[in-house]
Structures are given as C-alpha cells and as structure tokens.
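K.L.:
Put chain B on the given structure of chain A with help from the hints.
First to last, the protein sequences are chains A and B. Oh and the first sequence: position 50 is 50 in my numbering, straight run, nothing missing. Oh and the second sequence: position 218 is 218 in my numbering, straight run, nothing missing.
It cannot be assumed that every hint is accurate.
Said to hold, decoys possible - Here are the simulated DSSO-like pairs of lysine-lysine, each with C-alpha atoms no more than 30 Å apart in a straight line:
#1 B:339 to B:431
#2 B:400 to B:339
#3 A:67 to B:287
#4 B:400 to A:67
#5 B:394 to B:543
#6 A:53 to B:339
#7 B:144 to B:287
#8 B:263 to B:339
#9 A:53 to B:543
#10 B:287 to B:339
#11 B:534 to B:394
#12 B:287 to A:53
#13 B:339 to B:394
#14 A:67 to B:394
#15 B:303 to B:287
#16 B:394 to B:431
#17 B:400 to B:144
Just so you know, these hints were derived from the structure itself, not from any lab. These numbers come from a predicted model, not from an experiment.
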Amino acid sequence: MTDLIDEIKTLIIETLNLEDVTVADIDTDAPLFVEGLGLDSIDALELGVALHKRYGLTLSDEAEETKEHFASVRHLADFVAAHRNR
Amino acid sequence: MSDSFFSLPPPLLSAPSDAIAFYRNTAPITYVMLRADIAAARQALARLDAPEVVLHDGEAYVFLVWLMACWMNGQTALLAADDLPATRAHLQYPWVGRCEGNALTVWSNDERKAFPGSPLPFDCPGMVVFTSGSSGMPNRIFKKPELLYREAELLQQAFGSAFPPDTRFVGTVPHQHMFGLPYRLIWPLWAGYPIISEPFRYPEELGRLTAGAHVLISSPPTLKRLAQLETFSSPATFLATFSAGSPLDGSVAAACAARLSTKMIENYGSSETASVMQRIFPDGAWKELPGVTLALNECGCLKMRSPLLGTDDWFQTQDTAVCDENGWRLTGRADRVAKIEGRRIALDAIETVLLALPEVAEARVAPLYRERDEIVAAVVLSDIGCAQLQALGKSRFDRKMRQSLSTTIDRVALPRRWRYLSTLPYNAMGKIMSADIVRLFERQALPPRAAISRSAQEVVLTLALRDCLYAFDGHFPELPILPGVIQIDWALRLAQRCFPIEGRFSGLRQLRFQRILRPDDEVTLTLRFSPEKKEVRFSYASKWGEHSQGCAFFTNATAASEAIR
Numbered sequence: 001m002t003d004l005i006d007e008i009k010t011l012i013i014e015t016l017n018l019e020d021v022t023v024a025d026i027d028t029d030a031p032l033f034v035e036g037l038g039l040d041s042i043d044a045l046e047l048g049v050a051l052h053k054r055y056g057l058t059l060s061d062e063a064e065e066t067k068e069h070f071a072s073v074r075h076l077a078d079f080v081a082a083h084r085n086r
Numbered sequence: 001m002s003d004s005f006f007s008l009p010p011p012l013l014s015a016p017s018d019a020i021a022f023y024r025n026t027a028p029i030t031y032v033m034l035r036a037d038i039a040a041a042r043q044a045l046a047r048l049d050a051p052e053v054v055l056h057d058g059e060a061y062v063f064l065v066w067l068m069a070c071w072m073n074g075q076t077a078l079l080a081a082d083d084l085p086a087t088r089a090h091l092q093y094p095w096v097g098r099c100e101g102n103a104l105t106v107w108s109n110d111e112r113k114a115f116p117g118s119p120l121p122f123d124c125p126g127m128v129v130f131t132s133g134s135s136g137m138p139n140r141i142f143k144k145p146e147l148l149y150r151e152a153e154l155l156q157q158a159f160g161s162a163f164p165p166d167t168r169f170v171g172t173v174p175h176q177h178m179f180g181l182p183y184r185l186i187w188p189l190w191a192g193y194p195i196i197s198e199p200f201r202y203p204e205e206l207g208r209l210t211a212g213a214h215v216l217i218s219s220p221p222t223l224k225r226l227a228q229l230e231t232f233s234s235p236a237t238f239l240a241t242f243s244a245g246s247p248l249d250g251s252v253a254a255a256c257a258a259r260l261s262t263k264m265i266e267n268y269g270s271s272e273t274a275s276v277m278q279r280i281f282p283d284g285a286w287k288e289l290p291g292v293t294l295a296l297n298e299c300g301c302l303k304m305r306s307p308l309l310g311t312d313d314w315f316q317t318q319d320t321a322v323c324d325e326n327g328w329r330l331t332g333r334a335d336r337v338a339k340i341e342g343r344r345i346a347l348d349a350i351e352t353v354l355l356a357l358p359e360v361a362e363a364r365v366a367p368l369y370r371e372r373d374e375i376v377a378a379v380v381l382s383d384i385g386c387a388q389l390q391a392l393g394k395s396r397f398d399r400k401m402r403q404s405l406s407t408t409i410d411r412v413a414l415p416r417r418w419r420y421l422s423t424l425p426y427n428a429m430g431k432i433m434s435a436d437i438v439r440l441f442e443r444q445a446l447p448p449r450a451a452i453s454r455s456a457q458e459v460v461l462t463l464a465l466r467d468c469l470y471a472f473d474g475h476f477p478e479l480p481i482l483p484g485v486i487q488i489d490w491a492l493r494l495a496q497r498c499f500p501i502e503g504r505f506s507g508l509r510q511l512r513f514q515r516i517l518r519p520d521d522e523v524t525l526t527l528r529f530s531p532e533k534k535e536v537r538f539s540y541a542s543k544w545g546e547h548s549q550g551c552a553f554f555t556n557a558t559a560a561s562e563a564i565r
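Chain A extracted, bound-state conformation (with noise of 0.2 Å):
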C-alpha cells in the first residue's frame, strides 16, 4: 500500500506539474482540495483523466463519492486499490 501510495504522489505531481512539491512534501492524510494541497476543479479534471489512463477507473457518478476519494491521497489509493483494471 506504501508503494500505491508513493505513485499516486508522484502521479498528482507529474500529472498536475506541480512545481517545488517532492513526495516527501505531500502529507498521506490531508486534504487534496482547498486547504492541503489546494488543488482547483481544472486539477480535479486532469486527475480524473490521469487515473483514466493509468488504472481503468471512472470517476463515480455521484458527486459526494467522488469528493471522498479525492479527500485525501490514502482515501485515493484505497479506492484505486479496489477499483482498478490494470
């Protein structure tokens, strides 16, 4: 799981080439959006087509749902973890 957890890191960075931010810099537990990270609806958008591409997975239908698994990296990594197809 510290492995999935690690790629999602480098995967946020890479895919929202995030500048001065390390791996070691992205706190697991806090929030991805507003407060944390402070990633912005675009960076959401651009997420959402990253774990597209890199694990199968589409984006739930309901809106809450997908807040929760954007709450923090180990809410994202436990929802790829369950859901991915490659």
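P.N.:
Same frame as chain A, now just chain B:
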C-alpha cells in the same frame, strides 16, 4: 417587442401537466411538479421581505425554481459565482440555496399549490451577474428576463430545427454563469426541451447518459480532457455540442466531434453581451446572431450592437479581432484580464491582494498558457517574507502564499508557480512586460517525459530533449549540448517527484560525463532509489550507450537549516 417577453417562458404556462421539464438522477420532473415548486418557493421568498437576494445552489433544478420564483415575486436575483468568504462579505443580502449559513435553504412542500399564471412584474430588474472588470473590481451587470428569453428565441431559431422536442439538454458548465444559465436552462425551458439537472463534472460521466437525443453544453477545459480519454462510449446521441468561455482548439474540436459523433459549435459572447456569434467546426466561419452588428475600434478591439444588449448603443469589448476574406477572427485581449481555463481573471485584482500581504513588497502576475492555463507570480519579498521563506522552505512558503489568497481569489486564479526575486524585471522603458514574467517560469521547466517502467525503487523515463530547447540555449550556439548541471538538476528534481526522499540534498559522488547529449538523442533516464543509503543513482543512456551517471545523496536536516533552493 411583444408582451410575451415580459411574461414567463411559454411552456411554464402552456405545457401539458405531464410533460417532462427536468430529469433529476434520471427521474422525470413534470411541469405540474415544477409549477408547484415555484409556487412554494415564491411563498418562502416573499417571507424574506427583501427586494434583492443572492442565489447560490449547486443543482440546476433547484436554482431555476428559485430564479423563477424571484422574478414572479418582483425580487432581484444576484447570482454569486462562488461562496468564498470574500464574496459573502461583499454581497450583504439574504443568501438563498442549500448552503450552510444561508437565510433560506429550502421551500416548504406544504406550500406547493396551483401555479398562478400571472405575468412578471413589469419593473422587475431580473438578475444581476458579476464579472471581472479590468479594474480588478467585479462589475455588476443587470439582466432583464426579457433579454434572456430573446437570446433563447434567437438560439432556437438558429439551431433548434435540428433538435426534436424530446431532446435533453445536459451540461458540464455551471448554471449560474452567463453561458451555462442561458444555454443549459433558459433556452431549453423557453423552447420546452427537458433539462438534465445534475452537472456532469467529469467527461467520462457522459457515458452514463441514457439513450436518446441530447444537446451538450460544455467548455474547452472539459472537452480537452474528453479528447484525452483513452476509451469513451455513451449510449446517448449528441446532436450538437456548444462550447464557450475560451477559444476551442481545432484538434480538440475534431477529437470530440468524432468521439461524440456530434456537431461542434463554438459560441463567442460574454456576460455583458450574451451570445454574439457562433461557428460550426471544422471550418465554419463565425456567423453573427440575427441583428448583431460588429465593428472594430481604433485599437483593433471588437465592438458591437446587439438586440441582446438591451440598448441601441455600441458595446466596446477588450477582445482584439481582425476581419478578412474568411470573416472574423478573434486574436486575444487588449487589457490585463486573462482567460484561465475559460474564466475571466483580472490580474490587477490578484496583485492588489498580494500587495496587501505583509510578506510582499512588489508583485506581478501573468497568465502562462501551457498544458493547462495558469497564473504565475513574480514577487519581491519584504523582510518578513524573506525570513518566512528561509524558515519554511520554498514549497511550504508557496503553499502558504496560496492559502493567504484563497479567501479572496477564485481557486482557479491562484498563482500555481512562484518566483521570489530581488527585483522585478523592468525593461529599459521602466515597464514590466508580461513576456518577461513568463520567461522566468519557462526556463526551469522539466523536459516532457514518459515512464517506461516504474517500481518502488526504480523508474525509467524517456525524455523529449527536442521539446526542451531552452536547456541548450547558448551552450553552444554552433553545437547545442545539454549542460551537465542541467542533467543533474533534472535527475534530482525528477527523483524527488518519484520517490519519498526525506531530508535534503547534500552532495554528489561518482559523477561521470561520458558522452555529450544532443537535442536529437533519444535518451532514457534511469533513477534508482535506495532508502537505506538515502541515495539516488541516475544514469542517462541512449542507443549510443551511457552518456552520464552519478549518485546523489541526502541527509536529514531540520527545516531551519534548509537552504533556499
């Protein structure tokens, strides 16, 4: 102008009770339900006893019910684009919609009753929208319902003949803006098309629409990502897709047209002007809506007269354009307003907020249009700011600066990249050019790359040197060679993106440069991380063999001693 403009959208009065007005999570909402909800919302709004209210609700159906109820009551609806604390402080009126702290969150189902088909009050100002003015202060724009209905009528005349009556309107854009509101809600309501209430935020969600004819209301940010998806399928038929907000790239339009089997239509307009002209991809020319006249002012900026302006005067935009034998072509903007992923962002407003921070002495922001549009900031720090940067390190200080702006500035407009300088790049004329700010950010870009393999301790990347020519600049004019320091810099920064490296970089060993790297070399970079030894080995290689290699090591250090990178 006929009296009907001052009335309600015709289907609200005349559609059969069981006709479908909306779909909410695929469940139909009939006109009899819509009318009853509007009647109940009117009662609740009347009790607020306020001539002006702020509407903010994330669901299109609920929003439309409140809006119609406001108008029928003669109350003005202020459309807040967001509910940031600064927006709430700025708009001191009762807030309506499902959101914590609002004066009115729901209507009472007990008050759902028959719908009085009364015409709208003649003096109803209707609606107020806000938009970024070039001064940095939001402009207040009044819209009368009649102008929205007239826009709906013109759109229906121009495009509606291709849409059968059961065509569903679905949107990926917010409904409280002056593209989403007229296209997603007012047009279909006016023409009697069913509306899908929930927003489709992610492009792949369009796959869960049901079979049947749809019109998609979208924008370049979503369409760009739709074009990138590897797989996409939807049982829905997309008769047409409308895009607005920022220029739609031709290749994105072509990809989406193929993917959705749809006709791609780009709209040009603004909050002030409403729809002005449209073009149909792949190669249609811009075609003005009936009654619109376009011209250029002496600075090459577009101006117009339009039946949707509510006045016979010319309206001057800051959009630059040219007109040649192929018709109109939009070329950019003349003022300090940037378009970030379709949103109009006043650069002066961001700078004003930055300058008010104790950490900042001077600041200049600029738009950077790369894979995604973003705002970047060049800042001269005050003594307080310098001390904090020293203490926190750049990454955490960057984040703190973003946080400080986030209560007043739209999230999409928050600077995503920062440079802390001893002085801003003034030119010989004493001016700061946007291009000089942008150049500060292009220099340090990492090369475009793709991972061939990755594991917890090893990553292999291919690098596209050809797309990174700035790295070869001046080194040397006749014989471009990738400098060794850049090779080390890339290896270090990419390693920190791939591995959970604690501590800070403290040195290099076994550094060897065996072969020069040229722009055309197809090079792979291998990074191997050893958590026990706290080191990263890197090597650049191509079909010619190994070009360079080395080992970077890291030591734990307290934040206080962390050097400024």
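K.L.:
Next step is simple, just say for each hint if it's right about the structure.
P.N.:
Results of checking the hints against the structure:
1. B:339 to B:431: Answer holds: residue 339 of chain B to residue 431 of chain B is near 22 Å, not above 30 Å.
2. B:400 to B:339: holds (25 Å)
3. A:67 to B:287: Not OK: residue 67 of chain A and residue 287 of chain B at ~41 Å, beyond 30 Å, violated.
4. B:400 to A:67: Distance ~23 Å between residue 400 of chain B and residue 67 of chain A Cα, so the pair holds.
5. B:394 to B:543: violated (38 Å)
6. A:53 to B:339: holds (28 Å)
7. B:144 to B:287: holds (25 Å)
8. B:263 to B:339: holds (25 Å)
9. A:53 to B:543: Status holds; Cα separation ~29 Å.
10. B:287 to B:339: holds (23 Å)
11. B:534 to B:394: holds (22 Å)
12. B:287 to A:53: Status violated; Cα separation ~38 Å.
13. B:339 to B:394: With a Cα-Cα distance of about 27 Å, the restraint between residue 339 of chain B and residue 394 of chain B holds, given a limit of 30 Å.
14. A:67 to B:394: holds (29 Å)
15. B:303 to B:287: Holds: residue 303 of chain B and residue 287 of chain B sit about 15 Å apart, inside 30 Å.
16. B:394 to B:431: Within the cut-off at roughly 27 Å; holds.
17. B:400 to B:144: violated (42 Å)
Consistency with the previously given hints fails for numbers 3, 5, 12, 17, ordered from lowest to highest.
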